[in-house]
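Protein chains in written order, with this note's numbering: chain A, 1 to 190; chain B, 1 to 190; chain C, 1 to 190.
These aren't lab readings, by the way, just hints derived from the structure by calculation.
Careful, some of the hints might be misleading.
Identical copies carry no separate label here, and so any pair may be met within one copy or between two of them.
Subject to a maximum C-alpha distance of 20 Å in a straight line, what follows is the list of computed DMTMM-like cross-link-like pairs (lysine to aspartate or glutamate) [to be verified]:
no., residue 1, residue 2
1, Lys96, Asp50
2, Lys14, Asp131
3, Lys135, Glu160
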Amino acid sequence: MAFTISGAFSAMQKRLDWFGVLSLGFVTAIGGGTIRDVLIGNTPVTWMRDMTTPLIILGTGIICITFGRYVKNFKVALFLFDTVGLGLFTVIGIQKGLAIGLNPGICVALGTITGCFGGVLRDMLLNNIPDLFRKDKEIYATVCIIGGTVYCLTIKIIPEQIAESIAILLICAIRMLAVRFKWRLPAARQ
Amino acid sequence: MAFTISGAFSAMQKRLDWFGVLSLGFVTAIGGGTIRDVLIGNTPVTWMRDMTTPLIILGTGIICITFGRYVKNFKVALFLFDTVGLGLFTVIGIQKGLAIGLNPGICVALGTITGCFGGVLRDMLLNNIPDLFRKDKEIYATVCIIGGTVYCLTIKIIPEQIAESIAILLICAIRMLAVRFKWRLPAARQ
Amino acid sequence: MAFTISGAFSAMQKRLDWFGVLSLGFVTAIGGGTIRDVLIGNTPVTWMRDMTTPLIILGTGIICITFGRYVKNFKVALFLFDTVGLGLFTVIGIQKGLAIGLNPGICVALGTITGCFGGVLRDMLLNNIPDLFRKDKEIYATVCIIGGTVYCLTIKIIPEQIAESIAILLICAIRMLAVRFKWRLPAARQ
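Please build the complete structure, drawing on both the sequences and the hints.
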């Protein structure tokens, strides 16, 4: 839901039509998981197998179009949703990688792709350089990589569910600190 | 063929070289079907299995480069080709989805992707915001969604071939009316 | 390595952050092979199955960030690496296509995609029209197509390893001549 809202609002800023706004919401929400599924050959991709996800996204998109200005007032709630979503997506991505026996390092990459690349697709479609790669934007992928690495390290020694919760909480905590104190990665000088 | 011509002309407007024009023609023609095939795991993707499609696209692209100005005189013919193609692509996309047992709602999305996302790839490669999502461009996806929905509803009660013809005719009719009367989806206000 | 460096430097020019530079290096290096694998259904994609490639790319990216100005002094070495890489990638792409029984014409396309589409993804992510399609840039895909065609023709009559070497040498030779004498494909006039 939070990812849909982010996509839908970016689309509205560029003054796209209704179909454009719904599409961008959709792509932002399912883009990361779709790229992951395609890369590991998990097809038909996850969102096609069950109507729940598409319907939630569609509903969220319609709410954004109808109550646009109102939804914006829930900035804090949206940020929390987005952060929990980021943690959840990262862990799910890693689990799918581990399930087919990939190297943990690759799985962390898969988790990061799941969490972050919906936004990359959104920015590509809207003709922007992806926020994910820009030095003036908040760190985002770095948070997934740290949380994901911790998950891969802890899962071998503690029960899966506890490792899951720790990773998600860690991702939320670091991201909140990063946003609060405006942590940025330095630009790479040429 | 019509999709190839659309891609090739967009590329010529940006003054790409021959290889660029042929590539853009190719991507516009097979992009939608390729994304569909990749999403449902129908690989190697369709255009790789048979040389007919690639050769037709290549031939069309070469004609565009050689007789560019002349081809433009057939505006009405091109529009008709494009419209019939849109209907056909949509129905084929839906059929591939139904064949592997996907939910009809997802199949309509697959049909729309097949019909429309070649143009999205074209616009992404040429560094434009996709026409498909813009409020100042004609409705395009909406036509596929309506035609596709009708197809999915009618196919259960009438023979497949009749349902096919109705859907394609409907897509053609709505699109012609939409272009004639300049129907637009409203922009989503922020 | 050469492809990683090309991606990393393009990212630095746009002043991306560290994560952005590493990501762009990664995408440029594995993008072409990934698109090929996804199109033919060879999943999980190649770079996920073995840590060697990702680690080499990561190391190269870190070197670029740390010693940026210094790396640039090796222009000639980089160009040679890039050219050999282009030839190698093209031949590998063709072999993967032939191995699953695709038409040689399609295999040449697959080889060209493997060699060139990492750079296309790089340019799409950085919000540029792909160099590959531009008339003011060196010919690049054309070299792959010529070398690939020769490979497909010779492989039937001479041993595979000799055909391989000839194709790679041919690609290197043509590319060097093309760069030396500034060969360009003409723009397609409209």
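Hints, one by one, checked against the model:
no. : hint            : result
1   : Lys96 x Asp50   : both (17 Å within a copy, 17 Å between copies)
2   : Lys14 x Asp131  : both (16 Å within a copy, 12 Å between copies)
3   : Lys135 x Glu160 : neither (34 Å within a copy, 48 Å between copies)
In summary, the one numbered hint that this structure violates is 3.
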